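Novice: Residues per chain, in single letters:
2 protein chains.
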Amino acid sequence: MIYADYNGSAPICPEVRDYLIKRLETGPFANPNSIHHMGTKTLMGMENARAVCAKIVGAKPKQIIFNSGASEGISTVFYSVLKRAKKAGKTHIIISGQEHSVVINCAKRAQEEQDFQVLSLKANHDGIVDVEQLKIWLKEHGDQLALVSIMAANNETGVIQPYKEISDLCQQAQVPYVCDTTQYIGKTEFDFNKSGIDYAFMSGHKIGALTGAGFLLAKDTTTLEPLIIGGGQERNLRGGTQNYIGNETLAVALDYFQRNQDKLKKLFEKRKEFENKVKEKFPEVVILGENAPRLASSTYIALPGVHGQAVQIELESKDIFVTTSSACSDNEPVTSKVLQSMGVDDHIGRGVVRISLGLCSGPELYDEIADALIATYSKLQQIKSF
Amino acid sequence: MIYADYNGSAPICPEVRDYLIKRLETGPFANPNSIHHMGTKTLMGMENARAVCAKIVGAKPKQIIFNSGASEGISTVFYSVLKRAKKAGKTHIIISGQEHSVVINCAKRAQEEQDFQVLSLKANHDGIVDVEQLKIWLKEHGDQLALVSIMAANNETGVIQPYKEISDLCQQAQVPYVCDTTQYIGKTEFDFNKSGIDYAFMSGHKIGALTGAGFLLAKDTTTLEPLIIGGGQERNLRGGTQNYIGNETLAVALDYFQRNQDKLKKLFEKRKEFENKVKEKFPEVVILGENAPRLASSTYIALPGVHGQAVQIELESKDIFVTTSSACSDNEPVTSKVLQSMGVDDHIGRGVVRISLGLCSGPELYDEIADALIATYSKLQQIKSF
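These protein sequences, in sequence, are chains A and B.
For the first sequence, this note's numbering gives the first residue as 5, with consecutive numbering after it.
For the second sequence, this note's numbering gives the first residue as 5, with consecutive numbering after it.
Just so you know, these hints were derived from the structure itself, not from any lab.
Treat the hints with care, as some may be off.
For chains that are exact copies, the list does not tell them apart, and a pair is met inside one copy or across any two.
[Stated by the list, open to error] Result set (BS3-like, lysine-lysine): computed pairs, CA atoms no more than 27 Å apart in a straight line:
#1 K139 - K112
#2 K45 - K322
#3 K112 - K90
#4 K283 - K87
#5 K143 - K285
#6 K59 - K91
Note that the structure is predicted; figures quoted are calculated from it, not measured.
Excised from the complex, chain A in its bound form (with noise of 0.2 Å):
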């Protein structure tokens, strides 16, 4: 069995596996904010998590607020930052067509609700958002906007965004930046304080940690206001007992990561191997977002007239799990939104399939995934179905 869906959800990495089962017969167990021993032996674990987390990320301990991940974080930032904005007389709101489905619904909540009119960047062919179109419109907009929020690589394509440049301009323009890195964190290197971006987000799923478990990165947490409110915690940012089990294992996947520089090289080099090979015997595929940098193990890939869904069902047929695009989405037989926004014909954006593996996952396994993708294309191009 191949699973092919680490962008989606990423199984857990065995160390993080190895780490649970020896914690889970160990300890300790207990409320990390309760005073008594085994409330502070639970929190110093929880907090040297915290520590390990904002080492590898590049951020202050204190920069790091706990919660159970990326959509969390982002519809705490919006609220947050929204509000204050809000306040202050902004009205206008800058995205991008690229984002995941929480950046563009809370745009959509903050239009309908609060009366922001929302900028949408489209992106190049090759999934790179319009960074002139976004200078055009910092000037244009100015000191009417509330925030910019593009992301650092897409979840479906794995195109990674010129976040450092976009950084700049919106530090220029005096607008904070806030850059989904759920699909970057932990993937790829990632340094929070250099990078400039105002807040940055992760979860761990994506990473082979623990489900339900993430965090928020803020440059200034002061500017920030509990979504979730509760009893303090998490220095009266996000309220509810942490979930101190799964902010553990956020570590050690990081750590696992950190360690493994060497490994990601190896899969962005197999998986180049892979592309190649396709491409040599299927000259009129695509790659989507091929000519950007990209993720090490992510590849959007279509070969024009097979349908996706058809390749989807047919690798799986050979025990080799793919997406056809975001899980969220993925069943609408329909080119994607992020497709839409690089312009992508429905010629190619209905035959689209995902394939990403990630750190945990031997990268020789593009070998195999070639070979049935190439077996998949030869068998479904007899049969074309649009």
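On the provided structure of chain A, position chain B as indicated by the hints.
Specialist: What follows is chain B alone, placed relative to chain A:
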């Protein structure tokens, strides 16, 4: 070592630990929203967990919205219900002084930001909220009421509130009844749909399931909006990839609870025995909520003149871990808000320790706790602190 802070947070229950260890080794791991076989297999496991939970708490599966726990659930309900209520011209909220800080702080935000007027019910000396006053307010403010939020069981005293009666009153007055059942579900029998409650909550870590997982129960889910925005998960009521592993453990822990009702009875008997033993030795001892119905394994006890923190520390030297109040306010050497709302004097309020066990701890631990507490009181009484 005796961990006696189950009301703060319960250790992972052995059944959950065994389930997890096996599960971590075998999988499946995938995004439950992906349509490939690994995704649907993961989804089926989660939906099976939802069905198990629903059956045990007397709800329909579609009335369960998985989330990160009760703080999130309560924040979501206040957000949704108050938004609609505001539009409908409602002006008042009723809570009780017994509520967990989530409810207190949600009400405070509603007052500060939405101009709701908050009416707070006091409790009698046994910790039961003033239902007669509730009747008066329901009559007096009838149509102005946005919601009533009164918990099922108190986290400090363990006192069970007459939530069925409150639910009837709210239904007659046609006011939504929000009932914080965090200390109730999985600790004693509960039937959501028979209770008439509109919204109820649970946190896995209170009953031995994984931290960071829980659910919200809603009589009518169409009254809710997502607080955490995402890609349409949980039928568009809670964004973010579901914590499917955590959610499965909720079913394991609730199933354990369901199959061990006899152990619950045993816990109750041994607790009674323990309390009587201490009272026999120290007739002046005060057990908060002594004459009220209480959770099987919860005791909030004070020896007037002996400081609670001294008792806690002395018990800790005997490897027994208790708290002086709830984890959130544990550091404050003052009478807790819950006790203030019961009219408890500082003389007693500053002396309390909370001793709480759970289904996964042995009832016989109460013998050891009784001996240790008696020895502690004997020692500390000679050096009374106030």
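Novice: The structure should be examined with respect to each hint, and the outcome stated for every one.
Specialist: Hints, one by one, checked against the model:
1. K139 - K112: Within one copy only: 23 Å inside, 42 Å across.
2. K45 - K322: between (48 Å within a copy, 17 Å between copies)
3. K112 - K90: The answer is both: 15 Å in one copy and 21 Å across copies each meet 27 Å.
4. K283 - K87: Neither, since 49 Å and 54 Å both go past 27 Å.
5. K143 - K285: neither (47 Å within a copy, 78 Å between copies)
6. K59 - K91: For K59 and K91, neither the intra-copy (35 Å) nor the inter-copy (46 Å) Cα distance is at most 27 Å.
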